[in-house]
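Undergrad: Chain residues, written in single-letter form:
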Amino acid sequence: MLMNGAQALVKSLKSEGVDILFGYPGGAALTLYDALYDSGIRHILTRHEQGAAHAADGFARATGKVGVCISTSGPGATNLVTGIATAYMDSVPVVFITSQVATGLIGKDSFQEADITGITTPITKHNVLVKKPQDLLKCVKEAFYIARTGRPGPVLVDIPKDIFAAKMDFTYPETVKLKGYKPIFAGEKCKVSLVADALAQAKKPVFFIGGGINIAGVSEEFSRLIEKTGIPVTTSLMGMGGFPSDHRLNLGMLGMHGTYAANQAVTQCDLLIGVGVRFDDRVTGLVSRFAPNATVVHFDIDPAEINKNIKTDIRVVGDLNWSLSQLNSIITNPDISDWQCAVMKWKQERPLTFDEDTREIKPQSVIQEIDQLTDGNAIMVTDTGQHQMWTAQYYTFKKPRTLITSGGLGTMGFGLPAAIGAQLGCPDQLVWAISGDGSIMMNCQEIATAAEHNLPIKTAILNNKGLGMVRQWQRMFYQKRYSGSKHERGTDFAKLAEALGAKGITVKSAQELRPALEEAIKTPGPVFLDIWVSEDEDVLPMVPAGAALDEMIGG
Amino acid sequence: MRHTLSVMVENRAGVLARVAGMFSRRGYNIESLAVGTTENPKISRMTIVVEGDNHVIEQVTKQLHKLIEVIKISDITDEEYVGRELVLIKVNADTAQRSEIMQIVDIFRARIVDIGYKSLIIEATGDQSKITAIETSLKPFGIREVVRTGKIAMVRGPKTKLE
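Protein chains in written order, with the working numbering: chain A, 1 to 555; chain C, 556 to 718.
Read the hints as simulated data drawn from the structure, not as lab findings. Don't take each hint at face value.
As the list claims (entries may be wrong) - With a straight-line cut-off of 27 Å between C-alpha atoms, the simulated DSS-like cross-links for lysine-lysine are:
{"hint": "1", "chain 1": "A", "residue 1": "K141", "chain 2": "C", "residue 2": "K597"}
{"hint": "2", "chain 1": "A", "residue 1": "K177", "chain 2": "C", "residue 2": "K621"}
{"hint": "3", "chain 1": "A", "residue 1": "K141", "chain 2": "C", "residue 2": "K617"}
{"hint": "4", "chain 1": "C", "residue 1": "K621", "chain 2": "A", "residue 2": "K311"}
{"hint": "5", "chain 1": "A", "residue 1": "K177", "chain 2": "C", "residue 2": "K685"}
{"hint": "6", "chain 1": "C", "residue 1": "K617", "chain 2": "C", "residue 2": "K645"}
{"hint": "7", "chain 1": "A", "residue 1": "K362", "chain 2": "A", "residue 2": "K189"}
{"hint": "8", "chain 1": "C", "residue 1": "K645", "chain 2": "A", "residue 2": "K308"}
Stated by the list, open to error - Covered by chain C, per the in silico footprint, the following chain A stretches (three or more residues, Cβ under 8 Å):
{"hint": "9", "stretch": "119-126"}
{"hint": "10", "stretch": "404-416"}
{"hint": "11", "stretch": "467-479"}
Glycine residues also receive a C-beta, built at the ideal position from the N, C-alpha and C atoms.
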């Protein structure tokens, strides 16, 4: 059957199982939007393209499916850039479909023309400009395949306007043939045996798990491994939820705002087993003093991560589904009871703490209250800053894909739109967005999107009347010279929410907190809580940038 | 240490930008890069000379592999291979100097490809040291311009890199 390119594209999206996408129309995208009109695919119109990008990302993170985001050419496409980079840094499978000016106008600085494939080359797993109508469906098929296989990531397909209009037959390719892309599943068995040998000899082993555990969906297999061996576990920010936070062997987060126990354990261990991690600088601190006495094992699907930041002694490249089950089948119980005692002692003696206060609301206590009210079963979506770290520190994550946060890029403005995507992907789950008075403003227009679709997202804005994390660094390292980090005139977020069609609640004192949170949960539809927290609270403990993990401030 | 990478890529627009961009983005230096199609018109070969220790080369190779259009990478530094560069040198030459220059050209088995009123263009091929040597020898006459290609390389023996 003859149809136009846009109709064929929509059909191929259906073949890929897409039933919802996020986007914003415009001149070059009109033919595509016309094809979507009666396609049966649900289109969520955000209020800004950046919101659409983060929403598709949040959808993908919460569900494990490929998110889809569409936009028009030029500014529509460039507005996606932060969202694409965010997804890229955290290995999130999103297919971005951007419209482009017609083929004959490309390269002529035409109206709303931007070289979006050029712009996004360093921040996509792959991208392509479709130049001929006959390439369209092949490019779409490849985009989905590349986005979700191997180490997932965003793929951008840029489609000129005339290709949307070109007449074509719909023959969606069944297979993908890419000479230069062969995602690996199984690696070398002998490397897994080396790990088992190293474990048998280790006296002080630690597992360090990251986002790869959540992406690969191997938390059950991993839990079996830990139950069997009793080896303590620490996680990166992205690894949260991959192993239950309340498990006795979970030491909590590692790194800059990690726990005393985790940072000590990694500094003193003799065997560090990284699983699905990339040894980011926020985790390692001073590289030369990171796990100085340890044999380092690295499990990852991406060979380029091995030896990138930390020198690895044993590398196991492959899908974690393969490697962890291999390891589980051959591992023996190490004798590490002394080490377990030492680690547990650190964990018990030096837990995360903060000064309770009856007058002011402590931001950490907000997270604790939400944790109690939701029994650790909500999907927690954060923005970036202090509130993000407190969420990681004080929420009890029990299941994979329940912390949705911009770990790698640290994008302010990610939270609310990502929560919209997560809620649409998981309509039966309670979604909380945790934000700050800085971050929320960076995509607050999406309150209107949440209201329009009556999404029951509960947003807690930890309002400290300024940019908390910036101020913390200025307080600690810049002699309290608070340059450009204070909101001199506060915003009434409850009114803002009401204006955009959501419920707003202002919480000014500690006694009001619990009832307000309960009211928010009871209220159907989106609720925005403007919670006035103490202004000069620090995220502790803290390893200053460039210091070693055992040089912690506080905690 | 200087490494020579022989990289096979899909012969498509934008691939060169992708490869070059990866180098600059991650802080690696390309010393030279030569691209051309292979016997298979869908595939191009890039010969990339890059300076770095083993750690850098390991990362360069792996990051190159991540590019979807990169098909195969061989570090041929330690293999037996023929490596060649081509140089065009425009050198000052009045009639009195011409014979001396022609002797140098002979010694290096180079060729004179253009004669002007006061200058000659010399074409030479060879490995890097030969090219440097001929340049040094011609320097006293006054070199007006040098145009040099990057290195291209082929492994000796019957094996091919496409196999």
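Undergrad: Could you check the structure against the hints above and give me the numbers of any it violates, in ascending order?
TA: 5, 6, 7, 8, 10, 11
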